[in-house]
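Mind the numbering: the sequence shown is residues 1 to 214 in our numbering, read in order.
Don't read these hints as lab results, they were simulated from the structure.
We put the beta carbon where it would ideally sit given N, CA and C, even for glycine.
Careful, some of the hints might be misleading.
Stated by the list, open to error - Derived lysine to any residue pairs resembling SDA-like cross-links, with alpha carbons at most 25 Å apart: (1) Lys91 - Asp54; (2) Lys171 - Asp28; (3) Lys171 - Met100; (4) Lys171 - Leu99; (5) Lys25 - Asn177; (6) Lys91 - Val53; (7) Lys91 - Arg32; (8) Lys138 - Ile168; (9) Lys25 - Tyr174; (10) Lys171 - Cys107; (11) Lys59 - Arg74; (12) Lys138 - Asp108; (13) Lys25 - Arg74; (14) Lys91 - Arg49; (15) Lys91 - Glu26; (16) Lys59 - Asp84; (17) Lys25 - Gln46; (18) Lys59 - Asn70; (19) Lys169 - Gly144.
To be verified - Pair by pair, the computed Cβ-Cβ distance ranges are: (20) Asp50 - Glu172: 31 to 39 Å; (21) Gln46 - Lys169: 33 to 41 Å; (22) Phe51 - Asn147: 28 to 36 Å; (23) Asn147 - Asn19: 26 to 34 Å; (24) Arg49 - Ile3: 17 to 25 Å; (25) Asp60 - Asp28: 31 to 39 Å; (26) Asp60 - Gly105: 34 to 42 Å; (27) Glu106 - Ile27: 12 to 20 Å; (28) Asp60 - Glu106: 35 to 43 Å; (29) Pro92 - Asp50: 18 to 26 Å; (30) Lys25 - Glu57: 16 to 24 Å; (31) Gly105 - Asp28: 15 to 23 Å; (32) Asn147 - Gly105: 24 to 32 Å.
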Amino acid sequence: MEIITTIIPAYNEEKTIGNVLSVVKEIDLIDRIIVVSDGSKDMTAQIARDFGVDVIELKDNVGKGGAIKNGIDRTNGEIILFLDADLVGLKPNHILDLLMPVISGECDMSIGIFNNGRFATDLAQKLTPYLSGQRAIKRYIIEGISNIDVTRYGIEVALTRYVSKNNIKTKEVYLDNVTHVMKEEKLGVVKGFTARLKMYRDIAKYISLVNLKK
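Take these sequences, add in the hints, and give me the full structure.
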């Protein structure tokens, strides 16, 4: 049986990280859980420790790509499950639905798509599924991407591009009744919108960098 590690990058997610961890810990197939607190200023890291999982606490915010790279470097997991820390409505069956296609060899990367959660998040993921942060992947995929730590929020685009370029089989998995807390809800309309623009800028920057290298 391949070693399975869950990596959860988190930035100031004290309100939701506990709910996510309580679900992940129900899955016996998962050998190790790593939370990477990406420069959080709240209780994210402490709450994760209270759940008895491994915690990597970064002093500065390095972005999602850098946080994931820190997690990957600390595990020998052969299958990696990536989950966002702000998920709402997550159930054990959702995690199994992500893991089983990869465990069985049906694909080497599964991508979770929100479905029947909230209109805004459902629509966004159905229009741009390649931006989903919920994935189970074979380790070799993440190791095949150079400079993953500088992708920041372009990490999902990098993963999608790599599997497409290398003809790696993927599968989209619908996560019924799952959604996440939107940035505008976490930070307020103005700060949340600014944070969203920054995320999109990171994604666009990575895409532009990739296009220049073609």
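Hint check results:
{"no.": "1", "hint": "Lys91 - Asp54", "in the structure": "21 Å, holds"}
{"no.": "2", "hint": "Lys171 - Asp28", "in the structure": "23 Å, holds"}
{"no.": "3", "hint": "Lys171 - Met100", "in the structure": "11 Å, holds"}
{"no.": "4", "hint": "Lys171 - Leu99", "in the structure": "11 Å, holds"}
{"no.": "5", "hint": "Lys25 - Asn177", "in the structure": "20 Å, holds"}
{"no.": "6", "hint": "Lys91 - Val53", "in the structure": "18 Å, holds"}
{"no.": "7", "hint": "Lys91 - Arg32", "in the structure": "18 Å, holds"}
{"no.": "8", "hint": "Lys138 - Ile168", "in the structure": "10 Å, holds"}
{"no.": "9", "hint": "Lys25 - Tyr174", "in the structure": "21 Å, holds"}
{"no.": "10", "hint": "Lys171 - Cys107", "in the structure": "6 Å, holds"}
{"no.": "11", "hint": "Lys59 - Arg74", "in the structure": "17 Å, holds"}
{"no.": "12", "hint": "Lys138 - Asp108", "in the structure": "6 Å, holds"}
{"no.": "13", "hint": "Lys25 - Arg74", "in the structure": "19 Å, holds"}
{"no.": "14", "hint": "Lys91 - Arg49", "in the structure": "21 Å, holds"}
{"no.": "15", "hint": "Lys91 - Glu26", "in the structure": "9 Å, holds"}
{"no.": "16", "hint": "Lys59 - Asp84", "in the structure": "20 Å, holds"}
{"no.": "17", "hint": "Lys25 - Gln46", "in the structure": "17 Å, holds"}
{"no.": "18", "hint": "Lys59 - Asn70", "in the structure": "12 Å, holds"}
{"no.": "19", "hint": "Lys169 - Gly144", "in the structure": "15 Å, holds"}
{"no.": "20", "hint": "Asp50 - Glu172: 31 to 39 Å", "in the structure": "34 Å, holds"}
{"no.": "21", "hint": "Gln46 - Lys169: 33 to 41 Å", "in the structure": "40 Å, holds"}
{"no.": "22", "hint": "Phe51 - Asn147: 28 to 36 Å", "in the structure": "32 Å, holds"}
{"no.": "23", "hint": "Asn147 - Asn19: 26 to 34 Å", "in the structure": "33 Å, holds"}
{"no.": "24", "hint": "Arg49 - Ile3: 17 to 25 Å", "in the structure": "22 Å, holds"}
{"no.": "25", "hint": "Asp60 - Asp28: 31 to 39 Å", "in the structure": "35 Å, holds"}
{"no.": "26", "hint": "Asp60 - Gly105: 34 to 42 Å", "in the structure": "39 Å, holds"}
{"no.": "27", "hint": "Glu106 - Ile27: 12 to 20 Å", "in the structure": "18 Å, holds"}
{"no.": "28", "hint": "Asp60 - Glu106: 35 to 43 Å", "in the structure": "39 Å, holds"}
{"no.": "29", "hint": "Pro92 - Asp50: 18 to 26 Å", "in the structure": "20 Å, holds"}
{"no.": "30", "hint": "Lys25 - Glu57: 16 to 24 Å", "in the structure": "20 Å, holds"}
{"no.": "31", "hint": "Gly105 - Asp28: 15 to 23 Å", "in the structure": "20 Å, holds"}
{"no.": "32", "hint": "Asn147 - Gly105: 24 to 32 Å", "in the structure": "29 Å, holds"}
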